[in-house]
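If you want the building blocks of each chain, they are given just below.
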Amino acid sequence: MKLIKLLAGAAIAVGLATSATAQDKTKVGFVYVGPVGDGGWTYEHDQGRLAVVEEFSDQVETVFVENVAEGPDAERVITQMALDGADLIFTTSFGFMDPTINVAQKFPDVKFEHATGYKRAENVSTYSARFYEGRAVQGHIAGKMTESNIIGYIGSYPIPEVIRGINSAYLHAKKVNPDVEFKIVWVYTWFDPQKEADAAKTLIDQGADVVLQHTDSTAPQAAAQEAGGVITFGQASDMAQYAPMPRVSSIIDNWAPYYVDRTRAVIDGTWESVDTWDGIDTGMVEIGEITDAVPADVQEEALGMIEAMRAGEYHPFTGPINKQDGSVWLAEGEVADDGTLAGMNFYIDGLKGEIPQ
Amino acid sequence: MDLSAINPVLLIGAMIAAATPILLAATGELVAERAGVLNLGVEGMMIIGAVCGFIIAVNTGSPAFGFVAAAIGGAGLSLVFAFLTQATLANQVASGLGLTLFGLGLSALMGQTYVGIKPPSMGPGPFSALSDIPVFGRILFGHDALVYLGLLFVATVWATLKHTRAGLILRAVGENHDAAHALGYKVKRVRTLAILFGGACAGLGGAYISLIRVPQWTEGMTAGVGWIALALVVFASWKPWRVLLGAYLFGGITQLQLNLQGAGVAIPVEYLAMSPYVVTIVVLVFLSAEKSRAPGCLGRTFHASG
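So the sequence lines, in the order shown, correspond to chains P and E.
When the first sequence is numbered by my numbering, its final residue is 522 and no position is left out of the sequence of numbers.
When the second sequence is numbered by my numbering, its final residue is 1448 and no position is left out of the sequence of numbers.
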């Protein structure tokens, strides 16, 4: 992977050399945590990049570096992009947050966009999608369809985004199936097909007949398919190659409109630091086709739920909801505020185990 | 906490499968190192094996051809290493590291059009008829052919090194290449063959990941298994059975910690996640406390003029 980085660095350098003749082009950089071919998270970000290319063709030039480790290495990559003349840089993983802020301080004229984080600055925007809306739909389908009443959940890192997803899925599974139990395994990686496959197999061995994943590869889908009789959901991307079974639906992150908008803002000079958190209503979160492996009535309920969320009539976190320790979080009819959701660091009532600190 | 959710039979089965890629790669590396060659390119040879095996298995529809291709691919890449270190007398550490980087990049290039494709299934293992026997059937007979091949390799390597003339020559070359040369043994030929064997084994291990364990192709999917195999050879003090023990220990604890997490055991996840590495190292260090020594000429360049 180091070699790929070197090659990408070389490609950027070459790009710089040739862009002398095209100074008026807006240069947009993308920093990815996994490979473009992961079939999940990074794949969708790259689709967004391609949409930018399509929309502006000659006006923009895009560059990307894949497989960037979260942490200090990211800072080096982002700095290099800024030095190479990028006007706008999207950093597309939670762990790029501090590196992005650090580099942004050194390059006040470059605009930065960080996905899923919460730290902003004059020239740093944040954006994320309300994946938990999709998780609510998954929870509902999972709760209805599980026969063992055991739902496995592969967690990546114990950060608010992932915990929100677990809570949302559990809440809606429990609502339709009071006996449901969640088994959660943390793998401490966004992308490691072997670990993800192992985690999925372990959960299946322990009786789970639904496996939800918050990691980026399709390995859990393959494991579920091999085991048979287990259902899964595409994560971040449609993962349609595993439909109709095991993949019965999916959450698709559609970044393209946002990337096009923000690039246009830079070209027009109207870019401002903002915090965007969009869901099903704007199309940033899409729910992939629910396959016929799901009974018709459950399909209908799920579609109804999606429509209610699209219209703003239903919020997945609507009280009464208690925290895991039994204390009241949301009273009857109360809706969670974005601040609490953004920093969510607790399980809701009924989930077992502790969140790793 | 609900330990009853953990089925020991399934756990042991998963352990054996998880250990197999490490076992294959480590056995190959052990042979190379006993011949005095330190090849740090295991990770690179594994990933080349993974991608070659995947491509051929998908195109021919036969996993068996895939594994053959993986062995050839791994051995082919190791031939580059053999040329560098045996013919041009390049530094082994640098060449090995270069091999890993090269392998990762080349495999990403080769596999570009194979992302998202499902490989043909391996089908039931050779002894699957016996796997219905309660408890032991699943543990002993429920595996695919490669698992048994891995065990066979360990046994063969052990027997060859210990009891045959060929093994003696290989060890002599590794312990003191000048003495072996003086006795008329072809040091470079022996070492090249050992390197090729190591490459083929690593390739098989890689293909086991891409064709059986995951099964799919994604860039960088070996994710450090090659390095673990390398470390295992050292901690197993270059003894085949200890490599087997180490690989099973590592694979077993990796699976156990996932199972414990699933069962909701109240041990912090961070400790569980690091446990396979810590336990494997501690156990093997204790085992190797007595009279363990690296092959005398490990990593040293041989030139007949000396």
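Incorrect hints may appear among the rest.
[Unchecked claim] The calculated label-pair distances, taken between Cβ atoms and stated as ranges, are:
#1 P:G504 x E:L1251: 45 to 51 Å
#2 E:G1279 x P:T441: 39 to 45 Å
#3 P:K284 x E:A1408: 57 to 63 Å
#4 P:P237 x E:R1442: 53 to 59 Å
#5 P:A286 x E:R1435: 54 to 60 Å
#6 E:A1229 x P:L248: 54 to 60 Å
#7 E:Y1413 x P:G491: 24 to 30 Å
#8 P:E451 x E:L1251: 27 to 33 Å
Since the hints were derived computationally from the structure, they do not count as laboratory data.
Fair warning: this is a prediction, and the values are worked out from it, not measured in the lab.
Yeah, the Cβ is synthetic: ideal placement off N, Cα and C, and Gly gets one too.
So, going through the hints one by one against the coordinates:
The hinted window of 45 to 51 Å between G504 (chain P) and L1251 (chain E) holds, with their beta carbons roughly 46 Å apart. With their beta carbons about 56 Å apart, G1279 (chain E) and T441 (chain P) fall outside the hinted range of 39 to 45 Å. The hint said 57 to 63 Å for the Cβ distance between K284 (chain P) and A1408 (chain E), and at roughly 33 Å that hint is violated. In this structure the hint that P237 (chain P) and R1442 (chain E) lie 53 to 59 Å apart at CB is violated, the actual value being about 36 Å.
Look at A286 (chain P) against R1435 (chain E): about 57 Å separates their beta carbons, and that is inside 54 to 60 Å. Restraint check, A1229 (chain E) to L248 (chain P): a C-beta distance of roughly 41 Å breaks the suggested window 54 to 60 Å. Distance hint check: the CB atoms of Y1413 (chain E) and G491 (chain P) are about 27 Å apart, consistent with the given range 24 to 30 Å. At roughly 32 Å, the beta carbons of E451 (chain P) and L1251 (chain E) sit within the given window of 27 to 33 Å.
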